[in-house]
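**Student:** Sequence:
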Amino acid sequence: MATDTTDVTDEFMQYLIQIGFVQVVIILFGVGFSTGAGANNQFPRTFETVPIKPTVQPIETSVPKKPQLKLALANVVYLVIENNTSIKNAYLDRIAQKGDLAVAEDKFVPDFTPTVSVNLNELGRNGITSGSLTTNLGAKVVMRIPTGAEVTFNWTADAQTSNLNSNLNNIGSINDSSLRQNMELRLSQPLLKNAGTRINQASIDLARISEKFNIENLKSTLNNTITEAIIAYRELIRAQERVNIEQLSLKNAQDSLEINQALIQAGRLAPVEIIQNQTDIANRQVSLLSAQNDLESKRLALLAILDIDKNTNIEAETIPSVKPVALDIEKLRNIALSTRPEYLQAQFSLDQNKLNLMLAEDGKRWNLNLDATLLNNLNQAVDARLGLSLGHTFGDLSLEQTFKRAQVELRKSENTLKNIQTKLEIDLQDRVRNANLSYNQLELARRATQLSQQQLEIEQEKLKLGRGSGVFQLIRLQNELAQARNTELDATIQYLNALTNLDQFLGTTLQTWQVKIEN
Numbered sequence: 001m002a003t004d005t006t007d008v009t010d011e012f013m014q015y016l017i018q019i020g021f022v023q024v025v026i027i028l029f030g031v032g033f034s035t036g037a038g039a040n041n042q043f044p045r046t047f048e049t050v051p052i053k054p055t056v057q058p059i060e061t062s063v064p065k066k067p068q069l070k071l072a073l074a075n076v077v078y079l080v081i082e083n084n085t086s087i088k089n090a091y092l093d094r095i096a097q098k099g100d101l102a103v104a105e106d107k108f109v110p111d112f113t114p115t116v117s118v119n120l121n122e123l124g125r126n127g128i129t130s131g132s133l134t135t136n137l138g139a140k141v142v143m144r145i146p147t148g149a150e151v152t153f154n155w156t157a158d159a160q161t162s163n164l165n166s167n168l169n170n171i172g173s174i175n176d177s178s179l180r181q182n183m184e185l186r187l188s189q190p191l192l193k194n195a196g197t198r199i200n201q202a203s204i205d206l207a208r209i210s211e212k213f214n215i216e217n218l219k220s221t222l223n224n225t226i227t228e229a230i231i232a233y234r235e236l237i238r239a240q241e242r243v244n245i246e247q248l249s250l251k252n253a254q255d256s257l258e259i260n261q262a263l264i265q266a267g268r269l270a271p272v273e274i275i276q277n278q279t280d281i282a283n284r285q286v287s288l289l290s291a292q293n294d295l296e297s298k299r300l301a302l303l304a305i306l307d308i309d310k311n312t313n314i315e316a317e318t319i320p321s322v323k324p325v326a327l328d329i330e331k332l333r334n335i336a337l338s339t340r341p342e343y344l345q346a347q348f349s350l351d352q353n354k355l356n357l358m359l360a361e362d363g364k365r366w367n368l369n370l371d372a373t374l375l376n377n378l379n380q381a382v383d384a385r386l387g388l389s390l391g392h393t394f395g396d397l398s399l400e401q402t403f404k405r406a407q408v409e410l411r412k413s414e415n416t417l418k419n420i421q422t423k424l425e426i427d428l429q430d431r432v433r434n435a436n437l438s439y440n441q442l443e444l445a446r447r448a449t450q451l452s453q454q455q456l457e458i459e460q461e462k463l464k465l466g467r468g469s470g471v472f473q474l475i476r477l478q479n480e481l482a483q484a485r486n487t488e489l490d491a492t493i494q495y496l497n498a499l500t501n502l503d504q505f506l507g508t509t510l511q512t513w514q515v516k517i518e519n
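Read left to right, the sequence shown gives residues 1 to 519 (UniProt numbering).
Heads up, a few of these hints could be off.
[Claimed, not checked] Calculated cross-link-like contacts (lysine-lysine; reagent style DSS-like; alpha-carbon spacing at most 30 angstroms):
1) LYS212 / LYS404
2) LYS88 / LYS212
3) LYS516 / LYS323
[What the hints assert, rightly or not] Pairwise CB distance ranges, derived in the manner of DEER restraints:
4) ILE426 / LYS107: 41 to 47 angstroms
5) GLU518 / GLU414: 17 to 23 angstroms
6) GLN514 / LEU399: 46 to 52 angstroms
7) LEU451 / GLU414: 54 to 60 angstroms
8) GLU150 / ARG208: 21 to 27 angstroms
In case anyone wonders, no lab produced these hints; they're calculated from the structure. Positions of the beta carbon are idealized from the N, C-alpha and C atoms, including for glycine.
Please take these sequences and the hints and turn them into a complete structure.
**Tutor:** Put into structure tokens, the structure is as follows:
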């Protein structure tokens, strides 16, 4: 029986050599074929069965059959700025916001109002028509001065033509006409309430602070949306790489199955051993299906952020090489205090509340105004007047309440600014620590992948020498290598995202990608 088995083995070896397959068998499993006494260790031919094929077919991706559009990260940043709806709406808001600032800064620009009117009065009796034509012209100029004064100039001119007669014998005769002009110049200067350049400039200062708020809001929208797009892009990279890993693992499992089928036919392996291969292939196909589904989901998520056609077959670049970034927490703190939108807006809020308190305190003062009037009727003498007016409202509790509310809001804004600064420093330390930890995890994951690869190679070498632990051990090591590769992939993405989130936290995303906001 041993001689017969040896002959069959020799024939099978010759066949494998012809198809170039024996080398793969030896490398992967370390199978040693022997003659003579060594053939007694082979399985009898009576255990051979029909080769078993995988019951699940490889899974095709559901990505639309369109030419692939390969995107670099810089392309993603450009597309999200160009197409994203939130960013478009933020820029549309800026149109109205700049108009609000222009209105506020127009406060001390003179307003000019011209007027003109023409009136015709007619009266007819016994075929005779009489009437008058009156033309009124006017101009008004109002100018506000930073001291709080308001200067008003009025000019009016009335031209009247009367006794317009019309009959059969006298058509269109004019019996009388007149022209009157008046000029008036008024000045009203507050001396207590609403007096002084600080009070009257405050409304413009508040509008300018609001403009700073609006710009920081736009920056925040850009920072957040760009960061969201970058994270989504990396999720697409992760999904692509995971599909590649699962495809490679499935191919290795299928190769192992083919080799084991050949060994079973040669009587070198028990048929029952192939069940483990089939189970591994089925599990790998399930994992591949899940990875492909996740890839499609991540593709659609990125397309939604970029706001482009959902059927666009985009593809991310391969995962970039990662090097550690030195993070100086003191330098980063200074950067955050000068660029982080949340902190800057807290400062702006404090400045606003200081101005509001000043205005509320001014609102409690008495009204004392200096009024001057100059009237000049060209048909009469000049009339000049000068006077003071004093007034105050008693019993109005809203003035005091407004003042107290302004005091409270100022204190709250001071507390908020301190809290934001403290929280900024704590969060910065946490994010820097998280970034450094992520890189350490990446280094460990790389090391684990290398060790897992070495373990698999060692086991393959043992099998080559006939000292291996069998198919189960080889499959376990292959699965561990796939898991190690996935872990390294996750660690790489996590570190890159940690740096991106730190960039967003500092408020430097726009500087990183050289995005400028132009008015």
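**Student:** Next, verify each hint and record whether it holds.
**Tutor:** Results of checking the hints against the structure:
1. Pair hint LYS212 plus LYS404 holds up; C-alpha atoms about 26 angstroms apart against a cutoff of 30 angstroms.
2. Distance restraint check for LYS88 and LYS212: the Cα-Cα separation of roughly 19 angstroms lies within the 30 angstroms cut-off, and the hinted pair is therefore satisfied.
3. A C-alpha spacing of about 28 angstroms is found between LYS516 and LYS323, which places the hinted pair at or below 30 angstroms, so the restraint holds.
4. Between ILE426 and LYS107 the CB atoms are about 43 angstroms apart, so this pair conforms to the stated range of 41 to 47 angstroms.
5. The hint said 17 to 23 angstroms for the Cβ distance between GLU518 and GLU414, and at roughly 34 angstroms that hint is violated.
6. About 51 angstroms separates the C-beta atoms of GLN514 and LEU399, a value consistent with the hinted range of 46 to 52 angstroms.
7. For LEU451 paired with GLU414, a C-beta distance near 56 angstroms keeps the hint of 54 to 60 angstroms intact.
8. Judged by the Cβ atoms, the range 21 to 27 angstroms given for GLU150 and ARG208 holds: they are separated by roughly 22 angstroms.
Taken one by one, the earlier hints fail for this structure only at number 5.
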